[in-house]
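The listed protein sequences correspond, in order, to chains A and B. 95 is the number that the numbering used here gives to position 95 of the first sequence; each next residue is one higher, with no gaps. 162 is the number that the numbering used here gives to position 162 of the second sequence; each next residue is one higher, with no gaps.
Hint data in this document are derived by calculation from the structure and do not stem from the laboratory. Be a bit skeptical, because a hint or two may be false.
[Said to hold, decoys possible] The calculated label-pair distances, taken between Cβ atoms and stated as ranges, are:
#: 1; chain 1: A; residue 1: Q76; chain 2: B; residue 2: G123; range: 18 to 26 Å
#: 2; chain 1: B; residue 1: N100; chain 2: A; residue 2: L41; range: 47 to 55 Å
#: 3; chain 1: A; residue 1: R143; chain 2: B; residue 2: T140; range: 28 to 36 Å
#: 4; chain 1: A; residue 1: Q47; chain 2: B; residue 2: S29; range: 32 to 40 Å
#: 5; chain 1: A; residue 1: V6; chain 2: B; residue 2: K182; range: 35 to 43 Å
#: 6; chain 1: B; residue 1: G123; chain 2: A; residue 2: Q117; range: 34 to 42 Å
#: 7; chain 1: A; residue 1: P119; chain 2: B; residue 2: F55; range: 26 to 34 Å
#: 8; chain 1: A; residue 1: K57; chain 2: B; residue 2: G28; range: 47 to 55 Å
#: 9; chain 1: B; residue 1: G123; chain 2: A; residue 2: P154; range: 27 to 35 Å
#: 10; chain 1: B; residue 1: F55; chain 2: A; residue 2: R143; range: 31 to 39 Å
#: 11; chain 1: A; residue 1: Q76; chain 2: B; residue 2: R63; range: 25 to 33 Å
#: 12; chain 1: A; residue 1: S39; chain 2: B; residue 2: N66; range: 41 to 49 Å
#: 13; chain 1: A; residue 1: A26; chain 2: B; residue 2: E142; range: 32 to 40 Å
The C-beta atom is built at its ideal place from N, Cα and C for all residues, glycine as well.
This is what each chain is made of:
There are 2 protein chains.
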Amino acid sequence: MPSFEVPEVVVVRLPLYVRALTTLLAEGSEMVNSQQLGSRLLMTPAQIRKDLSYFGKFGKQGRGYNTRFLLRELRQILALDMEWRACLVGVGRLGRAIINYPGFAPEAFNIVAAFDQDPLRVGTEIGHLTVQGMSELSVTVERRGISIGVVAVPAAQAQEVIERLVSDGVRGILNYAPLAPKAPAGTVIRNIDPVLSLQSMTYYLRDCLGVSSA
Amino acid sequence: MPSFEVPEVVVVRLPLYVRALTTLLAEGSEMVNSQQLGSRLLMTPAQIRKDLSYFGKFGKQGRGYNTRFLLRELRQILALDMEWRACLVGVGRLGRAIINYPGFAPEAFNIVAAFDQDPLRVGTEIGHLTVQGMSELSVTVERRGISIGVVAVPAAQAQEVIERLVSDGVRGILNYAPLAPKAPAGTVIRNIDPVLSLQSMTYYLRDCLGVSSA
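Produce the complete structure using the sequences and hints provided.
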């Protein structure tokens with residue numbers, strides 16, 4: 001059972017630990033301490049120990065953690081030890097790039113269906129998928145065990161598509177549309193928004209190379 | 001001058017304030033208080049007041065903020081009142097989707113050059129750009145005033161490409177490759193990593209619909 005008492009900011013950091021531990025293990029580090037993890041992730045050892053303490057006791061005082069054990073535990077806590085099935089909504093340019101994104105499958109995230117509102121796109125082939133109309137969403141979600149919806153429609157349609165996905169039984173939304181959608185109750189939304197990332201980057205760049213907009 | 005005493009987590013939140021204020025202004029709210037901003041962003045009013053206090057005094061006790069003034073100040077702090085020029089490295093499927101991403105230009109982020117290491121791609125047209133070889137990177141960065149590099153190469157090449165960009169004068173990196181690159185000194189890196197987003201989502205989804213990987 002996920003404990004909703006763990007702050008979301010902590011949960012969001014766990015995949016970083018999983019990634020760092022995977023690398024450390026591949027490099028042959030069978031034991032790891034919070035200093036080593038911290039120096040990889042630019043975080044204080046105290047922060048890492050505090051984050052992990054929400055989930056139990058993984059190491060012995062002063063001896064660090066068994067890398068393999070901690071990695072397995074964190075993957076289990078995050079439910080990364082199972083396959084997750086997703087559907088894509090919106091098969092324009094961005095949607096086609098997402099279907100072909102090579103990073104999902106190795107991590108057991110599989111896009112098993114694609115939908116579009118445009119009748120001209122329904123029935124076309126994208127990668128190994130045949131694009132379906134939105135009227136088939138509900139049945140497909142149930143039949144295929146889909147729990148994640150990847151939203152790649154224009155901003156103006158995104159809120160409506162997200163609500164449709166949720167009402168058809170999808171609980172997790174990965175949103176690529178450039179807006180901050182309202183999350184229906186009981187859902188988890190993650191926004192992929194490159195503009196937001198750029199807008200916090202320029203703060204640090206403005207003393208160098210920016211071009212005045214005259 | 002950017003003050004490096006402002007914690008990065010605060011800087012990263014400012015674009016959210018900019019977006020919320022833009023919407024509020026469009027809706028006709030000429031004044032806004034930290035309660036209203038907080039309820040839009042699911043943050044406590046105290047957190048918002050503390051974040052803003054790093055940059056000065058924007059409102060009068062009990063009267064809230066002038067929306068237009070606060071928005072203009074925050075855009076100036078983040079250096080969003082100027083044009084930023086970027087180059088793309090890697091014009092595979094993902095790179096082509098990025099060039100065509102409709103969200104950059106309205107926010108004055110312009111991709112003005114595209115590069116690829118593959119000689120077969122050099123000279124081809126992507127959108128309104130002609131793909132250039134990496135040997136032209138340094139000259140183009142200087143001539144066009146490019147300060148941001150968008151990296152869309154495979155993970156195995158990303159670290160090398162990032163270091164090349166930095167040594168050729170690019171200070172900000174928007175990285176789409178699925179890895180956590182090491183940032184050369186004096187640079188700002190933002191990673192766009194949908195897998196990381198999914199991996200913190202499944203924590204909340206695991207009690208419902210996941211499929212056992214047998």
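Practice problem: If any of the earlier hints don't hold here, list their numbers in rising order. | Solution: Per hint list: 1, 2, 3, 5, 7, 10 and 11 violated.
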